[in-house]
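Peer 1: These are the residues of each chain, in order.
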Amino acid sequence: MNSLRSRLARTGLNVFAGIGLAYLFMPIFLIVLFSFNKPKGNYNIVWQEFTFDNWLSPFSQPSLTAALWMSLRISAIATVISTILGSMIALALSRRKFRGSSVINLLLVLPLTTPEIVLGSSLATLFLGQTFVNFGFITIVIAHVMFQVSFVALTVRARIRGFDWTLENAAADLGATPWRTFRLVTFPLVLPGILAAALLAFALSIDDFIITFFNAGSTVTFPLQIYGAARVRIPPQINVLASMVLFASVALLVIGTLRGQRSEAVRAMRGKRGK
Amino acid sequence: MLALRANGAAISTRADRVGLGALIVAAICLVALGAGWFDGPLNAVIVLVLALVVVGVLVLAAIGGPEARRLLAPYGLMKPGLLWMALFFLAPVWSLVRISLSTKESRFSVQYDFNWAWQNYSKAFSDFGGQFQRAFLYALIATVLTIAIGYPVAYVIAFRGGRYKNVLLGLVVIPFFTSYLIRTIAWSTILADQGPIVSVLRSLGLVGVFEFLQIMENGKLLNTPAAVIGGLTYNFLPFMLLPIYVSLEKIDPNLVNAATDLYSTPTAAFRKVVFPLSMPGVFAGTLLTFIPAAGDFVNAQFLGNPNTTMIGNSIQDQFLKQNNYPVASAMSTVLMVSITALVLLYTRFFGTEELA
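Protein sequence lines correspond, in order, to chains H and C. Here numbering that gives the first Met the number 0 is used: the first residue of the first sequence is 0, the next is one more, and so on. Here numbering that gives the first Met the number 0 is used: the first residue of the second sequence is 0, the next is one more, and so on.
Be a bit skeptical, because a hint or two may be false.
Now the stretches of chain H that chain C is said to cover, found in silico as 3 or more residues with beta-carbon under 8 Å [what the hints assert, rightly or not]: (1) 20–31; (2) 98–107; (3) 115–121; (4) 145–152; (5) 196–209; (6) 221–235.
Facing chain H, from chain C, some residues (calculated, C-beta under 7 Å) [said to hold, decoys possible]: (7) 88; (8) 140; (9) 151; (10) 155; (11) 169; (12) 170; (13) 174; (14) 176; (15) 314; (16) 318; (17) 335.
Computed beta-carbon distance windows for the label pairs [said to hold, decoys possible]: (18) H:32 / C:165: 45 to 55 Å; (19) C:45 / H:32: 27 to 37 Å; (20) C:45 / H:105: 47 to 57 Å.
Simulated from the structure, these hints should not be mistaken for lab results. This structure is a prediction, so every number in the text was calculated from the model and none was measured. Glycine is no exception: its CB is placed at the ideal position from the N, C-alpha and C atoms.
Turn these sequences into a full structure, and let the hints guide you.
Peer 2: Put into structure tokens, the structure is as follows:
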């Protein structure tokens with residue numbers, strides 16, 4: 000009796016998790032489905048008929064393509080800057096506790112506990128009161144780096160928390176200069192963490208809407224273009240480009256998982272051989 | 000030259016204080032410049048101080064020897080990033096508060112007079128009090144719903160995922176590789192009157208039930224408060240699910256085995272062992288969900304109606320459409336202060352050190 004009840008509860012929980020996953024995929028299914036739709040009017044929201052046309056002409060909407068290109072450029076530049084600045088902070092914070100490190104921790108967490116709309120509007124008030132830069136490309140990059148730096152610093156710090164700093168001393172004892180130690184010992188060890196942080200920062204930047212909206216001026220990024228289009232006309236090419244990004248990231252994820260499994264398998268085999 | 004070296008050696012033992020001091024002074028200089036504390040010639044003095052501080056630390060590092068360099072290194076490494084944040088995060092907060100207390104001569108003027116204009120705040124509360132209430136209410140309900148959905152899913156993945164753990168985790172993350180706006184617009188299609196959900200409910204004759212539950216209004220699912228809350232729940236679900244998963248994943252299964260070995264029922268084992276140990280995840284997830292949800296305006300715009308607007312919609316509208324920067328800044332400031340207060344209270348009662 001008891002075991003039947005617990006088995007029922009077990010199955011019930013698994014079914015709930017399955018429904019939860021299905022819920023997560025509902026809009027995604029719709030986005031991919033409607034990339035094959037042939038819409039009648041301006042809005043691609045009612046299913047009409049199946050077509051490959053949209054997939055054969057994904058870049059036929061010049062404004063959409065231009066916006067995507069703009070987003071890629073902004074995110075690439077912002078990610079490079081924020082990854083360098085954030086990793087430097089993480090490296091400084093991870094060695095040992097030093098004077099003022101708790102205040103700096105607080106400063107790093109603050110942007111994460113501030114709503115995006117406050118970050119966006121306050122930065123816009125800063126730019127309103129000056130004459131050095133106009134709203135546009137540069138202000139968007141500045142805004143993106145501002146919120147990315149915290150994410151990069153915290154991610155890299157979390158990833159290198161268990162790092163064995165005595166390796167640096169070992170290198171120094173063997174006569175390596177500080178620069179050589181950094182290049183040959185420290186950097187290769189922290190690199191995976193930095194790359195993971197850069198990927199996260201890029202993903203946050205390319206999908207950012209609210210902060211960008213306040214600091215864009217007349218520059219149009221991909222999310223801003225979708226926002227504008229949603230009020231006038233939603234071309235199916237939006238769905239095609241979104242599906243492409245989706246499939247590309249899934250492919251990356253699958254390759255990453257497979258490679259991870261393979262390296263694990265290699266390690267396991269080496270372990271056996273060692274015995 | 001020798002004297003200088005000796006002097007440098009004396010300073011070098013306290014180089015960390017110098018480094019921290021230089022960092023703080025440089026940050027204050029940048030906030031002063033960015034937020035416009037002073038006008039005209041005084042700004043030139045600030046720039047000079049900033050340059051002197053930066054060059055001074057470099058000189059100290061050059062003449063102070065290896066010990067000074069070791070103590071100064073962390074501050075030097077952090078300086079570019081932290082100064083960026085001082086100029087583009089701290090200074091803007093200052094200018095936001097300043098503009099929230101200023102008046103503008105006319106709608107299209109760009110000149111502000113700072114005159115402690117508290118009427119911006121009374122206007123923010125009197126005209127947009129409803130939006131504040133809805134923002135916090137919707138964000139709270141959405142946060143509770145993300146726990147209700149995210150916790151069981153995270154639990155199943157962490158404890159029953161087995162070798163498919165990473166695949167299942169990937170499945171959770173994949174939907175969020177599509178753009179936030181496109182996802183929300185897709186929900187507006189799903190919830191639309193001619194969409195799949197409303198059609199199914201209609202053919203099952205359940206519309207009345209859903210109206211009774213106040214999920215539907217006048218036979219509609221789209222453009223209702225429930226749709227806005229549903230959108231918030233969907234869009235912030237991974238921010239709840241992933242931290243909970245991380246904390247569940249860390250739990251040693253032997254602890255649960257020990258509890259059942261001591262004749263604890265599975266329910267009691269969950270309540271007394273697993274759940275308390277997963278609290279850091281719930282805590283982090285709550286912050287990561289509630290804060291962005293309270294400031295969001297995208298869901299209310301695409302899934303709601305004019306009576307479901309949240310404070311984000313008002314800030315956006317006043318700032319970018321009405322060019323009413325003072326009142327928009329007042330609303331932003333109130334949102335920032337109330338969220339910070341809530342976070343501090345919440346941290347005090349449920350806090351863990353794992354946040355930072």
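Peer 1: Hints first: check each against the structure and report whether it holds.
Peer 2: Right, here's what the structure says about each hint:
1. Counting residues of the segment 20–31 of chain H whose beta-carbon sits less than 8 Å from any beta-carbon of chain C gives 9, enough to reach three: the coverage restraint holds.
2. Coverage of the segment 98–107 of chain H by chain C holds [criterion: at least 3 residues with CB-CB distance below 8 Å; count 7].
3. Counting residues of the segment 115–121 of chain H whose beta carbon lies closer than 8 Å to any beta carbon of chain C gives 6, which meets the minimum of three for the stated coverage.
4. Restraint check on the segment 145–152 of chain H versus chain C: 4 residues with Cβ-Cβ distances below 8 Å, three needed, restraint holds.
5. Residues of the segment 196–209 of chain H with a Cβ under 8 Å from some Cβ of chain C number 4, which satisfies the need for three, so the listed coverage holds.
6. Coverage of the segment 221–235 of chain H by chain C holds [criterion: at least 3 residues with CB-CB distance below 8 Å; count 6].
7. For residue 88 of chain C, the suggested interface contact is upheld, since its CB lies about 6 Å from the closest CB of chain H, less than 7 Å.
8. For the restraint placing residue 140 of chain C at the interface with chain H, the shortest Cβ-Cβ distance is roughly 17 Å, beyond the 7 Å limit, so the hint is violated.
9. Among the interface hints, the one on residue 151 of chain C holds; its C-beta lies about 5 Å from the nearest C-beta in chain H, closer than the 7 Å criterion.
10. Taking 7 Å as the C-beta cut-off, the interface hint given for residue 155 of chain C holds, the closest approach to chain H being about 4 Å.
11. A cut of 7 Å between beta carbons decides the hint on residue 169 of chain C: the least distance to chain H is about 5 Å, and the hint holds.
12. Here the hint on residue 170 of chain C is kept, as its CB sits about 6 Å from the closest CB of chain H, short of 7 Å.
13. Hint on residue 174 of chain C holds. Least Cβ distance to chain H is approximately 5 Å, under the 7 Å limit.
14. The beta carbon of residue 176 of chain C is positioned within 7 Å of a beta carbon in chain H (closest approach about 4 Å), and the interface hint is therefore held.
15. The beta carbon of residue 314 of chain C comes within 5 Å of a beta carbon in chain H, closer than 7 Å, and the hint placing it at the interface holds.
16. With 7 Å as the threshold, the beta carbon of residue 318 of chain C comes within range of chain H, its nearest partner Cβ sitting at about 6 Å, so the hint holds.
17. The beta carbon of residue 335 of chain C is positioned within 7 Å of a beta carbon in chain H (closest approach about 5 Å), and the interface hint is therefore held.
18. For the pair residue 32 of chain H and residue 165 of chain C, the supplied restraint of 45 to 55 Å is violated, since their beta-carbon distance comes to about 27 Å.
19. Range check, residue 45 of chain C to residue 32 of chain H: Cβ separation about 58 Å, and the 27 to 37 Å hint is violated.
20. Distance hint check: the CB atoms of residue 45 of chain C and residue 105 of chain H are about 25 Å apart, inconsistent with the given range 47 to 57 Å.
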